[in-house]
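Q: Grab the two chains, each in its own frame, and use the hints to assemble them into the complex.
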Amino acid sequence: MKLQKRGQAGTMQSSDLMVVVEPADELVIEIESTVKKQFEHLIRAKLESVLAKHGATAGRISVSDRGALDYAIEARLEAALQRAGGLS
Amino acid sequence: MEEIINVITQLTSGADIAAAKSLIERSGLSFEEGFDELFGIHEAGELIAVGARAGNILKMLAIEPSHQGGSIVGELVTTLVMRGFDAGFDTFFIYTKPQYATTFEAMNFNLLASQEKVVLLEYGNGLKRWLTANSEAVRPGVNGAVVVNCNPFSFGHRYLIESAARQVDNLYVFIVREDRSLFPFDVRFRLVREGVRDISNVILLDTSNYIVSSATFPTYFLKKDDPVARIQMELDVTLFASRIAPFFGITRRFVGTEPCCKLTDGYNDAMRRILPVYGIEFVEIERKQASSGVISASRVRELIGRNELSQLNEYVPASTLAFLLSAEAEPIRKQLQLSRSNP
Numbered sequence: 001m002k003l004q005k006r007g008q009a010g011t012m013q014s015s016d017l018m019v020v021v022e023p024a025d026e027l028v029i030e031i032e033s034t035v036k037k038q039f040e041h042l043i044r045a046k047l048e049s050v051l052a053k054h055g056a057t058a059g060r061i062s063v064s065d066r067g068a069l070d071y072a073i074e075a076r077l078e079a080a081l082q083r084a085g086g087l088s
Numbered sequence: 001m002e003e004i005i006n007v008i009t010q011l012t013s014g015a016d017i018a019a020a021k022s023l024i025e026r027s028g029l030s031f032e033e034g035f036d037e038l039f040g041i042h043e044a045g046e047l048i049a050v051g052a053r054a055g056n057i058l059k060m061l062a063i064e065p066s067h068q069g070g071s072i073v074g075e076l077v078t079t080l081v082m083r084g085f086d087a088g089f090d091t092f093f094i095y096t097k098p099q100y101a102t103t104f105e106a107m108n109f110n111l112l113a114s115q116e117k118v119v120l121l122e123y124g125n126g127l128k129r130w131l132t133a134n135s136e137a138v139r140p141g142v143n144g145a146v147v148v149n150c151n152p153f154s155f156g157h158r159y160l161i162e163s164a165a166r167q168v169d170n171l172y173v174f175i176v177r178e179d180r181s182l183f184p185f186d187v188r189f190r191l192v193r194e195g196v197r198d199i200s201n202v203i204l205l206d207t208s209n210y211i212v213s214s215a216t217f218p219t220y221f222l223k224k225d226d227p228v229a230r231i232q233m234e235l236d237v238t239l240f241a242s243r244i245a246p247f248f249g250i251t252r253r254f255v256g257t258e259p260c261c262k263l264t265d266g267y268n269d270a271m272r273r274i275l276p277v278y279g280i281e282f283v284e285i286e287r288k289q290a291s292s293g294v295i296s297a298s299r300v301r302e303l304i305g306r307n308e309l310s311q312l313n314e315y316v317p318a319s320t321l322a323f324l325l326s327a328e329a330e331p332i333r334k335q336l337q338l339s340r341s342n343p
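Residue numbers (the working numbering), protein chains in the order written: chain A, 1 to 88; chain B, 1 to 343.
Calculated directly from the structure, the hints in this document are not laboratory data.
Note that this is a predicted model, so its numbers are computed, not measured.
It cannot be assumed that every hint is accurate.
[Unchecked claim] Computed list of lysine-lysine pairs in PhoX-like fashion (alpha-carbon distance at most 25 Å, straight line):
(1) K37/A x K128/B
(2) K36/A x K46/A
(3) K262/B x K288/B
(4) K5/A x K128/B
(5) K53/A x K36/A
(6) K128/B x K36/A
[Unchecked claim] Derived contacts from chain A toward chain B, CB cut-off under 7 Å, selection only:
(7) Q8
(8) T11
(9) M12
(10) Q13
(11) E32
(12) T34
(13) S64
[What the hints assert, rightly or not] To list a few chain A residues with every Cβ distance to chain B over 10 Å, as calculated:
(14) R6
(15) D25
(16) E26
(17) L27
(18) E30
(19) S33
(20) H41
(21) I43
(22) S49
(23) H54
(24) G55
(25) A58
(26) A75
Here a beta-carbon is modelled for each residue, glycine too, at the ideal position from N, C-alpha and C.
Excised from the complex, chain B in its bound form (with noise of 0.2 Å):
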């Protein structure tokens, strides 16, 4: 057989692109913007295969399907992962369909969670590092767990964790990690810290790379609802209901009702119907109410907004509100208020 040598290289140029697009899109894959790097290996002029990386996340692996099975897609993700590790990633995800699944795993990647049309793997073993970095957080007894944005944390989250914790022996209490929101995560972690300290049966964690993240669930924070976000919701709940959960030897997991957002409201209603299969109880507690309605993080950002600060008490607990009325919070303060005079 004759050697040939194909080169991969970066795909910047207009015409390398939309070749790529084109390719990815007779893969039956939708090309995506938002990549930060594209790589194709071309032979004898013409592009055979590409992919890219957004993040963490190895996304568009797209070969023709006469140069399929051989070496190609290892030099595709190998370069991938190369670059990830330079930008400083040690663990990546892929989504893909769940007949290729074997392939990936070929190369170590291990399978995280798997729904009808896709699988989600992970390379680097980043899932098993996180759990046996908290291993000290397992606690014997019956657990339960929130999982949280906090942004900012309110009287609502204040209720909904005091409530789970008065259900369950432990109650685990996880902060999305992702810094995708208007306060950062520290600030949300320590916002939460100090609005929960008084309750003692109370762990506080970061759901890293796991647990609504942009890795499991990318559409969470864009706040689309579509038949997308329904598969990523879905691989999300899986993961935490086949791996994460009885790592801590979590049984419930609480949420609050949801009256407004209607991705939140899906979330909810994927917990509902997979939760249970695994032997995980799903407790919806009713959202505490102010005076004027109900209590939730987007009307204390909207009051914010609206430079009504004087309100923020009756929806935020003192913690909260120190912080909100200080100067560290200016920026937010107003971003926000820029944001409302210029939607």
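Pulled out of the complex, with its shape left as it was, chain A reads as follows (with noise of 0.2 Å):
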């Protein structure tokens, strides 16, 4: 799976998150969250697992998050991705 052009998806309300993805050569996560401290592993887990699931290898992933759950993350994530012209 490869982006085509930038995508984002989310919001910046709190439980939610924005999400942006745009084209790069390597993988990059970039997180930034009111609750880095705590969860920073579990949403970079997340989004990990969302980027298998659907074979993204390369992108820059940037997400800016305020407590989001797990369906959250994932929902934005692949809305995001779309988005980018990313999935089938």
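A: As structure tokens, then:
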């Protein structure tokens, strides 16, 4: 799976997250979160599993999170990937 | 509690803009023209929140006191940032009062610099990305910096850079990235590169959004000396001293003495006060004089405007002169001559 352009999804509201994905040569995941200290590793694991599920091996994935739950992370990332032309 | 759905809309009509102006002014902010987009949220026909975007700067965010503390600020900022993404920006700035810093930090804005009355925050982590992208330019030793616009590169800049480079192991020359000067960035950068090619310990970088930019110091480009400019200068210098200088190991910042421009003189004054607080030495270097007075880029532009090109070799090195006389520079010469005849 290859990203064609920039895609974004989500909001900056509490309990949500904003995801921006864009084409890049390698896979880079950047996480900003109000609960980074406690949950960065879990957010990253969730993002990685969704990316793996869709075979995404390259792209810059920037997330700014305000305490979103797992299913929100999955939904927002998939929406952003779709908008970036990365899902078939 | 009754569920109320607020719809955010772009404000374009005269009546909407007047209502926005009133809300902004009642919130103790000033309404400034020159934004790209203005958004508002209405409830029961009343405007309860507004916010504007000018390029990558979010401004004039105001919410009716009765509606503060909820999700409205997130809704406004989401819309402004999304629109900004669509316009091609990936990092955003906001100036706000210190007591609101935490509101924005809770939305993953990072504090860039603070001053007594105003804080500058960024969304999108651009500073960190810019620094990381330049990490190969980091050198050990005693390092200095100059920040120059070079509109265009003259013997004055050459003298400043040469003198400063002699006093340090490595000299970072930051060239103002912002394209709001007569000479475009790529030309300014190229002329500096050609003009200092023989000085081996000079490292050229651009300032991105982070030194003398429309984010950190917008009034620089308006050449306006007022209290707002003073606040911006202090934020700009604080950001340099607290975040940029430590990254590059810069312990001295060099400037040329400023006999003409009051605004630049004020900026030098802010550096003189703030830099030492962060352990950075502020070094002023006396301006170089030509036989007919101080060498400055504005004098160079003035000579071109008067079409007195034969005098230029007193002010600029051969590399700049070749450009000024080239066919490529014709539109710039025309523009200067035109603005002289129609001031």
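Q: Hint by hint, say whether it matches the structure.
A: Consistency of the hints with the structure:
1. K37/A x K128/B: Distance ~18 Å between K37/A and K128/B Cα, so the pair holds.
2. K36/A x K46/A: Roughly 14 Å separates the two Cα atoms, so the pair holds.
3. K262/B x K288/B: holds, 18 Å
4. K5/A x K128/B: holds, 23 Å
5. K53/A x K36/A: holds, 24 Å
6. K128/B x K36/A: Within the cut-off at roughly 17 Å; holds.
7. Q8: holds, 6 Å
8. T11: Where the cut-off is 7 Å and the nearest Cβ of chain B is about 4 Å from T11/A, the hint holds.
9. M12: holds, 4 Å
10. Q13: Holds - the Cβ of Q13/A comes within 7 Å of chain B, reaching about 4 Å at its closest.
11. E32: holds, 4 Å
12. T34: It holds, given that the least Cβ distance between T34/A and chain B is near 6 Å, below 7 Å.
13. S64: Holds - the Cβ of S64/A comes within 7 Å of chain B, reaching about 4 Å at its closest.
14. R6: Given that some Cβ of chain B is not farther than 10 Å from that of R6/A, nearest at about 7 Å, it is violated.
15. D25: holds, 14 Å
16. E26: Given that every Cβ of chain B is farther than 10 Å from that of E26/A, nearest at about 14 Å, it holds.
17. L27: Consistent with the label, L27/A stays out of reach of chain B, its closest Cβ about 16 Å off (over 10 Å).
18. E30: Incorrect as stated: the minimum Cβ-Cβ distance to chain B is 7 Å, not above 10 Å.
19. S33: violated, 7 Å
20. H41: holds, 18 Å
21. I43: The claim holds: I43/A sits with its nearest Cβ about 12 Å from chain B, beyond 10 Å.
22. S49: It holds; S49/A is separated from chain B by about 22 Å at its closest Cβ, greater than 10 Å.
23. H54: holds, 22 Å
24. G55: holds, 25 Å
25. A58: Nearest chain B Cβ is 18 Å from A58/A, so the label holds.
26. A75: Holds, since 16 Å exceeds 10 Å.
The structure fails hints 14, 18, 19 (numbered hints given earlier, in ascending order).
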